[in-house]
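K.L.:
Letter by letter, the chains look like this.
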Amino acid sequence: SAVISQKPSRDICQRGTSLTIQCQVDSQVTMMFWYRQQPGQSLTLIATANQGSEATYESGFVIDKFPISRPNLTFSTLTVSNMSPEDSSIYLCSVGDGELFFGEGSRLTVL
Amino acid sequence: EDQVTQSPEALRLQEGESSSLNCSYTVSGLRGLFWYRQDPGKGPEFLFTLYSAGEEKEKERLKATLTKKESFLHITAPKPEDSATYLCAVQRGTGNQFYFGTGTSLTVIP
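Chains A and V supply the protein sequences, listed in that same order.
Heads up: the first sequence begins at 1 in my numbering, then just goes up one per residue.
Heads up: the second sequence begins at 1 in my numbering, then just goes up one per residue.
What the hints contain is simulated information worked out from the structure, not anything from laboratory work.
Just so it is clear, the structure is predicted and the values come from calculations on it, not from any experiment.
Hints may contain errors.
What the hints assert, rightly or not - Counterexamples of contact, computed for chain V against chain A with all Cβ distances above 10 Å:
{"#": "1", "residue": "Ser19"}
{"#": "2", "residue": "Lys42"}
{"#": "3", "residue": "Ala53"}
{"#": "4", "residue": "Thr65"}
{"#": "5", "residue": "Thr67"}
{"#": "6", "residue": "Lys68"}
{"#": "7", "residue": "Ser83"}
{"#": "8", "residue": "Gly93"}
{"#": "9", "residue": "Thr107"}
Claimed, not checked - Here are some, though not all, of the chain A residues that point toward chain V, as calculated from beta-carbon distances under 8 Å:
{"#": "10", "residue": "Pro39"}
{"#": "11", "residue": "Gln41"}
{"#": "12", "residue": "Ser42"}
{"#": "13", "residue": "Leu43"}
{"#": "14", "residue": "Leu45"}
{"#": "15", "residue": "Pro71"}
{"#": "16", "residue": "Phe75"}
{"#": "17", "residue": "Glu86"}
{"#": "18", "residue": "Gly98"}
{"#": "19", "residue": "Glu99"}
{"#": "20", "residue": "Leu100"}
{"#": "21", "residue": "Phe102"}
We treat Cβ as the ideally placed atom computed from N, Cα and C, and that holds for glycine.
Extracted from the complex, chain A is given alone in its bound form (with noise of 0.2 Å):
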């Protein structure tokens, strides 16, 4: 197993702005996964992220809107820019092939 960290837990934003979040794992990992949990929805993957090439977004998802960093094999950071409330979700950060393994997410609240 690994031990995932994300920041920040929780936040509230304004309509317009972008914020970054950060996912570091204990371990060096080749992938690492991007999600997000909508309420009463699924987890859906955004991306991913793989160290020294540009990330992996899938249908529906774009780089504009969704840019990820993956600078190291231990850490990753996703943007939502431009953000608007139906950004409002959990984001995760995920590793593992076979089992996968989260961190304990990122509540984004968009005003």
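Since the structure of chain A is already known, use the hints to place chain V on it.
P.N.:
Showing chain V alone in chain A's frame:
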């Protein structure tokens, strides 16, 4: 189309009242089926992986089973601390994509 459906959406049990949660799935080539527990304000916590029909896994009061079309999470003599949302996910045989269900919210009443 790959998808996962969990039922019921919510379940209330008296302490000690055993029951089962269902996860029905369709996926192109199942690589694994996963059960997670999620407490409010926390990320999902891994419970079990099942790989093939007929497989069973147990942990304390929980037992997970798998057929070719569905998985069950059996909860025997539940306690209030078992209250949580239980998520099911499948991974297809190619690639790393996981498909999650919307979960079953379990409440165990003392």
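K.L.:
Would you assess whether Lys68/V, listed as outside the interface, keeps its beta-carbon beyond 10 Å of every beta-carbon in chain A?
P.N.:
Non-interface label stands for Lys68/V: nearest chain A Cβ at 20 Å, farther than 10 Å.
K.L.:
Report holds or violated for the interface hint on Glu99/A, using the least CB-CB distance to chain V and a cut-off of 8 Å.
P.N.:
holds (5 Å)
K.L.:
May I ask you to test the interface hint for Phe102/A with respect to chain V, counting a Cβ-Cβ separation under 8 Å as satisfied?
P.N.:
Constraint on Phe102/A satisfied, holds at 3 Å.
K.L.:
Evaluate the condition: distance from the CB of Thr67/V to the nearest CB of chain A exceeds 10 Å.
P.N.:
Thr67/V clear of chain A: closest Cβ-Cβ about 21 Å, beyond 10 Å.
K.L.:
Are all C-beta atoms of chain A more than 10 Å from that of Thr107/V?
P.N.:
holds (16 Å)
K.L.:
Could you check if Gln41/A really has its C-beta closer than 8 Å to a C-beta on chain V?
P.N.:
holds (6 Å)
K.L.:
Identify whether the interface hint at Phe75/A stands, where standing means a beta carbon of chain V within less than 8 Å of its own.
P.N.:
violated (17 Å)
K.L.:
Under 8 Å is the threshold here; is the Cβ of Gly98/A close enough to any Cβ of chain V for the hint to stand?
P.N.:
Hint holds; Gly98/A Cβ to chain V Cβ min 6 Å, cut 8 Å.
K.L.:
Would you check whether Ser42/A satisfies its interface hint, that is, whether its CB is within less than 8 Å of any CB in chain V?
P.N.:
This hint holds: Ser42/A lies near chain V, its Cβ roughly 4 Å from the closest one there, short of 8 Å.
K.L.:
Please settle this one: Ala53/V was flagged as non-interface, so is its CB more than 10 Å from every CB on chain A?
P.N.:
holds (18 Å)
K.L.:
Against chain V, is Leu45/A within 8 Å by beta-carbon distance?
P.N.:
With Cβ-Cβ at 7 Å, under 8 Å, it holds.
K.L.:
Per the stated criterion, does the least C-beta distance between Ser19/V and chain A lie above 10 Å, as a non-interface residue requires?
P.N.:
Since the minimum Cβ distance to chain A is about 22 Å, Ser19/V lies beyond 10 Å and the statement holds.
Checked against the numbered hints above, the structure violates hints 2, 10, 15, 16 and 17; every other hint is satisfied.
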